[in-house]
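Following the hints, put chains B, C and D in place on chain A, whose structure we already have.
Chains as they are written, first to last, in this note's numbering: chain A, 1 to 384; chain B, 1 to 384; chain C, 1 to 384; chain D, 1 to 384.
Warning: the hint list may mix true and false statements.
So, partial list: chain C residues that the calculated Cβ filter (under 7 Å) puts toward chain B [claimed, not checked]:
hint, residue
1, 191
2, 214
3, 317
4, 322
5, 371
These aren't lab readings, by the way, just hints derived from the structure by calculation.
Source: prediction; values computed, not measured.
For every residue, glycine included, the Cβ atom is placed at its ideal position computed from N, Cα and C.
Number of protein chains: 4
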Amino acid sequence: MKRLKLGMVGGGAGAFIGAVHRIAARLDDHYELVCGAFSSSAEKSKASGVLLGLAPERVYSSYTELFEREKQLPESERVEVISIVTPNHVHFEPAKLALESGFHVILDKPATFSLDEAKQLKKVVAETGRFLCLTHTYTGYPMVKEARQIVSSGRLGKIRKVYVEYPQGWLSTFEEGSGNKQASWRTDPEQSGIAGAMGDIGTHAFNLAEYVSGLEVTRLCADINIMVEGRRLDDDGAVLLKFNGNASGVLMATQVAAGEENNIKIRVYGEKGGIEWQQCDANSLQLKWPGRPLEILRTGGKYLGTFATHNIRTPAGHPEGYLEAFANLYSNFALCIKARLAGKEPQPEWLDFPGIEEGLRGMAFIENVIASGKSEKKWLDFIL
Amino acid sequence: MKRLKLGMVGGGAGAFIGAVHRIAARLDDHYELVCGAFSSSAEKSKASGVLLGLAPERVYSSYTELFEREKQLPESERVEVISIVTPNHVHFEPAKLALESGFHVILDKPATFSLDEAKQLKKVVAETGRFLCLTHTYTGYPMVKEARQIVSSGRLGKIRKVYVEYPQGWLSTFEEGSGNKQASWRTDPEQSGIAGAMGDIGTHAFNLAEYVSGLEVTRLCADINIMVEGRRLDDDGAVLLKFNGNASGVLMATQVAAGEENNIKIRVYGEKGGIEWQQCDANSLQLKWPGRPLEILRTGGKYLGTFATHNIRTPAGHPEGYLEAFANLYSNFALCIKARLAGKEPQPEWLDFPGIEEGLRGMAFIENVIASGKSEKKWLDFIL
Amino acid sequence: MKRLKLGMVGGGAGAFIGAVHRIAARLDDHYELVCGAFSSSAEKSKASGVLLGLAPERVYSSYTELFEREKQLPESERVEVISIVTPNHVHFEPAKLALESGFHVILDKPATFSLDEAKQLKKVVAETGRFLCLTHTYTGYPMVKEARQIVSSGRLGKIRKVYVEYPQGWLSTFEEGSGNKQASWRTDPEQSGIAGAMGDIGTHAFNLAEYVSGLEVTRLCADINIMVEGRRLDDDGAVLLKFNGNASGVLMATQVAAGEENNIKIRVYGEKGGIEWQQCDANSLQLKWPGRPLEILRTGGKYLGTFATHNIRTPAGHPEGYLEAFANLYSNFALCIKARLAGKEPQPEWLDFPGIEEGLRGMAFIENVIASGKSEKKWLDFIL
Amino acid sequence: MKRLKLGMVGGGAGAFIGAVHRIAARLDDHYELVCGAFSSSAEKSKASGVLLGLAPERVYSSYTELFEREKQLPESERVEVISIVTPNHVHFEPAKLALESGFHVILDKPATFSLDEAKQLKKVVAETGRFLCLTHTYTGYPMVKEARQIVSSGRLGKIRKVYVEYPQGWLSTFEEGSGNKQASWRTDPEQSGIAGAMGDIGTHAFNLAEYVSGLEVTRLCADINIMVEGRRLDDDGAVLLKFNGNASGVLMATQVAAGEENNIKIRVYGEKGGIEWQQCDANSLQLKWPGRPLEILRTGGKYLGTFATHNIRTPAGHPEGYLEAFANLYSNFALCIKARLAGKEPQPEWLDFPGIEEGLRGMAFIENVIASGKSEKKWLDFIL
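Bound conformation, chain A alone (with noise of 0.2 Å):
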């Protein structure tokens, strides 16, 4: 078995999601950390290096040496899939380069700054042939895509209603001006773009929604606000939503949600019946029917579909959680990159990771939402 070759931009050690992506990595063995560039800081991006047991010559003090050395070494030893966890303003540019110097990416969220680079970057995708993966993690969950495949196979009839909630307290006080580090770049327009929570969170939410209902969002209406004084983005958001088909739905999105932590959920309706998930009862799905028991999925079980089925490792009732979530992304990415290197077609389950084009709708959503909290008209189209 073939381990692919990860470098990764980004993510020196005291990240707390560079440290989640090498685990994803790991995980289910596709990929061997060979190089690095983990810091604008030369200094610490050697560091880094050491901590994680890299040859020092293959960490370096930028992404730029990193692809320049790394296209120089011959093929079996070069660095394969990138990975990029910097901020967002340092998404597009690692992104744009290592595409073009021929490698693959696996990218954080928000895709870029803007929806203009998501749109470059989406050329830059296509132009080069490469894979990009887009890391919503909550999408890599069993249950998660289950939800998907009952709604896309109808069981519950023609799509009515989507609520999707991403509730958080961290940001209730403000923590930016205490030195966190994480609530520092998600809370400044220079490293976040124009969005804090929105971005941060909301994209998560957003990106669940289309994923789970298979509809597309068409107009919406938000209300955006900063509740912490001193605050410079949104920390708070709720926006009505249209999608195509003639659905309407709600998203919230919070970070000042106090004693809440990550508890992200979806409920979708249909003509015939509901469904319901959420992470901090990751291994269930609930089933809703009119006139019929609650019926409740769980990981693992025999009658779940081909996308659950393929994502998860444990028999029923040995509970798998983000981590395994966000290596399934991981996984399947690199199930595809091997099967076109053995000439061969990815099947449909690998394929099932969210990338450019979700990007792009997630930046659209960050642009459009930002929009809408501004203005004074209730709906405005959702412009791609």
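Relative to the frame of chain A, chains B, C and D by itself:
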């Protein structure tokens, strides 16, 4: 222990809510049903009276007859409290007449057919000096009262967010076309007024939000829908809310969430913590705190406040439900009337039932929310 | 609709269970309280009668006086049903006397002070031909009835395992030493009999196990403990059970599980599936199947069997609780009496309340389980 | 960061638990798989080695060959830790040989085929001075560690009751008759030893009970059953337990609870409060207090103790699961070995993994519980 003499307008055999009112009245033994005009059909009214074991001479053909005749009875026999459980278009007239005839009134929600009627009714209440109770059942749950008391104590800090939802699924199909009586009048503008779901359950959600948060809605932005073909009134809606004190929130009320029962739910977040309650787990109240364990308060707990404690019958662990919540409205109302009869001041816990003020705001909610649904402007002021 | 005339022995002001019985009697309007001997103190009995609004001449100083005097009243006034809500040592005499005086009897559990008394009482019931209802409340829950009906339908296959538990925490400390009246009589062998926890809650668990499984315990092996120093009766126990049909199980009942409320719970597994119910989520019933999704049945669901459906008042989603379960016992008992008065056969759903047979088995459980607790032999036959 | 060189005995392609061990080893990057003897068939072993990407010369035909050849490699290449994931009857020999060859050992539970073997193995561990980790996975969950730390802190007071249960349903039918490999060896006395369910999952429950309570079982009384016709080993059992310090409890382990997954659960009650944890909600720990709200502690909470905190990778709200718990065993084991290699003292949190002592007690549990199942005497002393 004196029982109050109770009469009923509407609620004949077969009516769901009439039977609920009677159980609520009996539960704590504060009332004795002595008379009624149970149907607009004199015959049906008589038949219901027989089933209920009433003296035939006190089963009337109409509410006008009821008030007329009861007024003439000696005080020791005369009815004292009138429960009105008719469809919305028959609320105002009997309520007004009952009050003017010297009776106290228990009125099913929403208060009236229109905001204008509610304003008139408010005047009648003031002029007659009678008590009026509006049966917003959910504020009768002990843990909802506890939630309100905790919020008002300031333990959560200044309130920032209020999320309230009432998802039902029973109108997912065109029930009114198949002779379902409950569905028929609720979807008929002549009987229900200008709103369907928003009047039937939206008002409950609105009332719960204002009750628990202690805030008042000042602006709103609504998405109001008819999802089932052929239906004449809204069966679905979502509303962005602004409250005084700079809080904001979301109200969701739908009757087309196929598979849902009646799980009305509220979440309120302040600067320091949050609170969550839902009907399907009515005896629990969640308290959420940043950096501290989640707390679950339970009906019957010795640590509860005076309002919750006053409204509980059984020790912790013996679940109380919807009928007990309903009975709490009836019983507190009775305690207030008895206190007045005894020349005493009612305790604050007894006075804690919804009245004409809540009825007025509920009717204003209906008119404002329907107006917003039709408006292209985002925010409409909440006009009383 | 005729109300049955109800009298009460015990249950004066301040007694928890007396008030519960009265609410249960009122809830569905099948009874009218007409007389009582509420306390062994004539004075206290009178005072309770006043509070309850009874005619003073029908508040008696003793149950003997009650039966004597009521018998002499004309049939149209005379009490018809006697509720006995005294401590265990005052069950047999008033029950026997009531039956022999021609009254039907509702008796709090456990049936009597000893197995021998229960056997005698069984004879009296047979001889007098009166009805007797034993208030094992938990079998009054609709979803418990549904569980029994599902098991008896054979859907789970042959039953193999029965797990039942009743954890309480309220006797974790020496409550009887601090004047807690509820604790005092329950821990006093002169009032409770040979068992404490096993009589008070063990019998409930035992009854629930036999009721739902449709099986009978044939052998048992018990570990019976006094965990709190100074206590005179068991406050904790666990029992290995053998049933007819080769099923086995475990019964756990404790009053020293500090922090627990009253979450009585049962699980039954057959060859094809399993079932789970617990009081803290009383309106749900879990059905578990190998290779199929978990199903959750809910009070009010249209798919429920005849027994559950008959015992529900409100539509799905409006929780019913402990008082409604209690009322189901009272109401079914009334329906049977009324049927007999009308010369009709009661429906099977009405006859579904615990009676002297369950009382006898409960007393046998107490004697067998205490004997086993003292025995060095592992298995004792369940002797009736 | 040095990776420990890992070798594997058993766990070839298709074996459930072998793959779990490898994920656990990879998750935190403490190990590198360098060699293995994956099957008793040389051919299958080679094939597995290829799939795992091992150098062909380090895939061996037998564990004896593995130890022999690896010993001769230079220290910089030589394997350091051996994972043994064979059926029970092939635990002792390879473990002994591995230890005596100078390797540290990770051993699947139960430790050995018999208590006698476990005693011998204990001696070998002592004599060789190597580390041994026994994979009782459930004690790797952070909230189980939190439970233990809370109990040991005395916050619950003196412990009185321990309830532990492990209900499974997968052996409800005669799986071993239909070629299910997992079922076949587990129900075969030649491969499993004298116990089936009691060895496979009863030992987990027993270990969890002693780990969390900090107590030791001193006496027991067991009901051990074969419920499925034709089965050769127990598939069901329940055990009354006595602990030192006068605590008592119940252990339930069954594989015929049709419809159940793997919801191992523990409850411990002391004089002042109780604690509850179950695998299906692995990231929550319930703390129950008389007269105070229920508290729910969550993985990632900042209020957790040092043991839980050390074993968590992600912020609160991102669920960790079974694989992470398993990885905690591997990672702590690695930290201890690395500490020793560095001449440092391991931290208490690192040393918190099950070892030969737990293995010995587990084997004693098996022998005692099976003996009790056959005995007519109620209580048997727990003989080590």
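Structure-based check of each hint:
| no. | hint | result |
| --- | --- | --- |
| 1 | 191 | violated, 20 Å |
| 2 | 214 | violated, 26 Å |
| 3 | 317 | holds, 3 Å |
| 4 | 322 | holds, 4 Å |
| 5 | 371 | violated, 30 Å |
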